[in-house]
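Novice: Each chain, letter by letter, is given below.
There are 2 protein chains.
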Amino acid sequence: MTELNLKKNHNQEQVAFLEKELRYISGIIKQKGRKILSNYTVTPPQFIALQWLFEHGDMTIGDLSTKMYLAFSTTTDLVDRMEKNNLVLRVRDEQDRRVVRIHLLKEGERVIEEVIQKRQAYLQEILVNFEAPDVKNLSMLLQKLHVEMKED
Amino acid sequence: MTELNLKKNHNQEQVAFLEKELRYISGIIKQKGRKILSNYTVTPPQFIALQWLFEHGDMTIGDLSTKMYLAFSTTTDLVDRMEKNNLVLRVRDEQDRRVVRIHLLKEGERVIEEVIQKRQAYLQEILVNFEAPDVKNLSMLLQKLHVEMKED
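Residue numbers (our numbering), protein chains in the order written: chain A, -7 to 144; chain B, -7 to 144.
Since the hints were made in silico from the structure, they are not lab data. Bear in mind that the values here come from a model prediction, so they are computed numbers and not experimental data. Where a beta carbon is used, it is the ideal one built from N, C-alpha and C, also for glycine. Treat each hint with caution, since some may be false.
[Said to hold, decoys possible] Now the stretches of chain B that chain A is said to cover, found in silico as 3 or more residues with beta-carbon under 8 angstroms:
no.	segment
1	8 to 15
2	95 to 103
3	135 to 141
Whole structure, please, built from the sequences with the hints as guidance.
Specialist: Here is the structure:
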């Protein structure tokens, strides 16, 4: 038997159940996020773009469209509207003037932080019937899942 | 002290961490789902509509647009294209001929089932370094989270 054959294979039903729970929870989080956003002048795709810039720093439109699985022209329109609303700014690279990057402005940062705080408050509410060790355990298991997903 | 004040309040940092892990994992699952879908002629919003019909049975366009947070006209366009591709069919209610419901066809069901099977296979891969009790534990905790989210 090779090492590959020794890899753990989990019960099919268990995996199907887990896939379903993850899919449903993702859906609820997404809908909840949209409800929170409806109080802002930011659309869901704009919010996703703001998050990328918040977490990865300045990015070119090319990078941003790759990350967001959007066409270059769609991303350009998105950035145009965000620039008009003072959420972001196009900045020319000082070393290579041909390169333009999108820079997150204070107002964009504020929107991100407020929405994330509201999501945390929602989660705090949801966790009211969880014991502290369960929250810790769930965090650890999700972190492990996240790491494995990234390594894939 | 009222009963409300006795409600558990979890550590702020722990909740922030959990929110971030859930958000990242949702994002990866979404991107993974899009990659799987790119082998099909179905767009992501079409797939979400197919899933609603798969899980809740026949629905009116009104119900579907509410569930998907889309405008009625957008949902109508979506259904038109899916009907053209033989994924769904508009069916008139026998009791009340004014009511039209969207019905999932065999081809639509096949697409759903194939994509879900591929997601399960992906998850099986991801879980290779998880012990069986961890998978069981994660499933239980996510199920509890899902129940609490629904009751909200």
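Novice: Give a verdict on every hint.
Specialist: How the hints compare with the structure:
| no. | hint | verdict |
| --- | --- | --- |
| 1 | 8 to 15 | holds (count 7) |
| 2 | 95 to 103 | violated (count 0) |
| 3 | 135 to 141 | holds (count 6) |
Checked against the numbered hints above, the structure violates only hint 2.
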